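Novice: Protein chains in written order, with our numbering: chain A, -8 to 88; chain L, 97 to 602; chain F, 790 to 1087.
FYI, nobody ran anything at the bench for these hints, they're computed from the structure.
In this text, all values refer to a predicted model and were calculated from it rather than measured experimentally.
In this text, a Cβ means the ideal position worked out from N, Cα and C, and glycines have one as well.
You may find that some hints are simply not true.
[As the list claims (entries may be wrong)] Here's a subset of chain F near chain A, in silico, CB distances under 7 Å, partners left out:
(1) S807
(2) Q810
(3) D834
(4) S835
(5) I838
(6) L839
(7) A1001
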Amino acid sequence: MTNKVGQAGTLESCDALVIATIPSEGEGIEIQLDSPSLVSFEKEMRDAITGVLQELNVMCGVLKVQDRGALDCTLRARVETAVRRALAALPEGSERP
Amino acid sequence: MTLDKNVRVIPDTLPGIKNVRSFQAGATSSLAEMPRTPKRCGKIVSTVREALHRAGIRDGMTLSFHHHLRNGDLVVNMVLDIVAEMGIRDITLAPSALFPVHEALLRHVKNGVIRTIQGSVNGPVGQAASHGEFVAPVVLRSHGGRVRAIQTGDLHVDIAILAAPSADQMGNVSGVIGPSACGSLGYAFTDAQYADTVIAITDNLLPYPVTPFSLLQTEVDWVVPVEKIGVPEKIVSGTLKITQDPMRLLIAEQVARVVEESGLLIDGFSMQAGAGGISLAASACIRESMKKRGVRGSFISGGITGQSVDMLKEGLFRTLLDVQSFDLEAVASLACNPNHVEMSASFYANTAAKGCVVDMLDVAVLGATQVDTDFNVNVNTESDGVLLHGIGGHMDTAAGAKITVIVTPLFRGRMPMVVDQVITRTTPGNTVDVVVTERGIAVNPGRKDLLDNLRGKGLPLMDIHDLKKMAENMTGVPSMPPFGERIIGIVEYRDGSIIDVIRQRV
Amino acid sequence: MKTGLRRTSLYIPGNNPSMLQNASVYGADCIILDLEDAITVTEKDSARILVRNALRSIRYGTTEVTVRVNALSTHFGQEDFMEIIPMKPDAVRLPKCEAPEDVVQADQLITEIERKNGIEIGSVKIIPMIESALGGINLLDIVRSSRRITGVNYGAEDYTADIGAVRTKEGRELDDIRAKIVVAARIAGVHALDSVFADVNDSDGLFDEAYAARRLGFDGKSVIHPRQIPVVHRAFTPSQKEISFARRVVHAIEEAKQKKSGVIALNGKMIDAPVVTKARKIIALAEAAGYRDEGVLS
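Go ahead and model the full structure; you've got the sequences and the hints to work with.
Specialist: This is the structure:
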């Protein structure tokens, strides 16, 4: 099994840093979420993340999200970018031809 | 009848004198009544421990402190370490405020030395309170409310331990000189007046008499010289810079516009604005408006900054009433400018006094962690429900000022700042007049007069409910943080009534 | 309702969430969410997705929202259009236009995307940017190449670099392109938009440049910092004299309409169409600057 990794966003205020690790096979989505707004918006944030993954047909993977108070539209953008980058990336450890 | 050496006859009874005692040289009865105070030769005690011992410290007592050394304070932690060493327990701590440096106190909360806090709770200590680490709920009071509580006996202080930037051997204390100079000692006056025993701790013992003195030998029992009471660079800042953040500047400009159109910006104008980013910038904008209009104000009160000092020098205001000095310029000015006056917290904000400064204020510019659609303001708990800030003079100035302006971004990170209901009500909505955000200005509908003045002036006036909706459109509707049943904090209004309680975060 | 004024167009880097969410609070007439020069090659994708989401969720109110996409001749242009056009920005800023074909190609692509997404054809406008000698020479053909065009702009840095001019604070090297932009814009009936003033700390210099631009015939100026907005607005605010004359003109027209009189005169002088157009423009600028119609002062 190989992993593909993509990263997007920053740790600036109002942004989120997202690292998506997508394995070639496997099941289930794991979301590691760290945010100052967790108490007030945890459900919304998890829904947003899983929503983006569904739109991109991603069924398994690990999403590490370090949120810095991003609005919903920003969080979704960073997850989408990280996942797209992961999908377009070469598997971890492989050499460029 | 007594006959003295000179055959002077003093009758046993005299009209107007209750108990006649005839004079005896060398036996001054007033000193005899204060056996703790050695006659005239000073009050110096070599160790804090000794002073506390002489003050008769025991379990369950209340110890008060002032916060003029801010995050550079070494005294509170030092004294509590000694109290712990002495085996004393169940202390009620009564500081006028605490700072992040006082996180070190938490071990004394855990080991039972500190039972609770009355006065102000900030930062890490507040967090600990929110998580239920204190035996008894902490009591939060405003600067004015704290004075009232001490005066009325609601808060009885057994021992006041006052950091003294300079002191003489008789206990006169100055805040403007010494390595730990902090300027005004405004919050310490009440403690010195009302505590059973007053201990001054200084790292700058000077020959008698030290001047200019703030705390007086008539009130101080003991003086303890120590090596260091504070870390200077953490006590006062250098020049506080006006923010460059365009959004904060935008809010500040809107505040100035509101003040300009309020009808109050005329000769005799008075104001108070904090040292927070937006407030400081708002002062800068008001300063420009005053210059443009040629307005000569009467006073700036509260925490004084270099900017206030400049405005005094420019003749924009006649007087600075200084309860705490925020930066080096303010300290230097207090030391030498007769129009820059130190004031006590009672003079400043005590509703039980025969008159206080806040009642003479035209405009107060204040911050918030939340405002609700009834204009209630929360300054105590963060959006996640954790106790993180003291009240300061918030509810005092709001109650006194003719116009109370709350400045806040509409949301911080993802947290909306204008909400349906504040988590904690610190300052009641009926004392709050205007909320200024970067996206709109809401005027309390109870202030029709003000609304009339502001309408049609090109200001983005909005109903506060629309402001709230606008915030939630951006952020979503936040869930209430989960609270348990147990009360960990009591928010006392300045008149002694209870305006809210804070429950434990679970 | 957008105001139709373009006194200021504020550049917002497309990959900065904090600036994107606050883009409209500073009172610029127009914002430019930038996917081009402000974004490094490695972040083109993240900025594109971020701006797309911002367009979808953030309400920018009465501010005109435009996006500076990458030129279609680059790797990123096509994808920018595919993601951005469906979000219906008011306009795209099209950089590096050198010939009418550049605009026509963009126009066709926009039409295609509008059709596919059920958006009324022609909704998304185009503001071409002239950044080269060739673009300067082809200017009139460019601004007349599409009905989507509502304004034209030039990039001072790129343009001067391309023609080999030395960039100065006085900006005499821009005299020629400025005049061309204004003339072409007038012929095409679109807005003439001036380039940025780079020194954000020099508000006097900014005011002078913006005031000169207004006198030349420009309708607005791009800005790179919120604090430049009030300065440019001030420069684009007509004088009291201009305002009262414009009001009298408009008043005379209304009066003539009511009397059904064909000939319109003010103080014995004929008022023709250009005078009326100019008067209406001045009143719009005056109102945007906070002047209310207090009736005709005679």
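Novice: Need the list of violated hint numbers for this structure, in ascending order.
Specialist: Failing hint: just 7.
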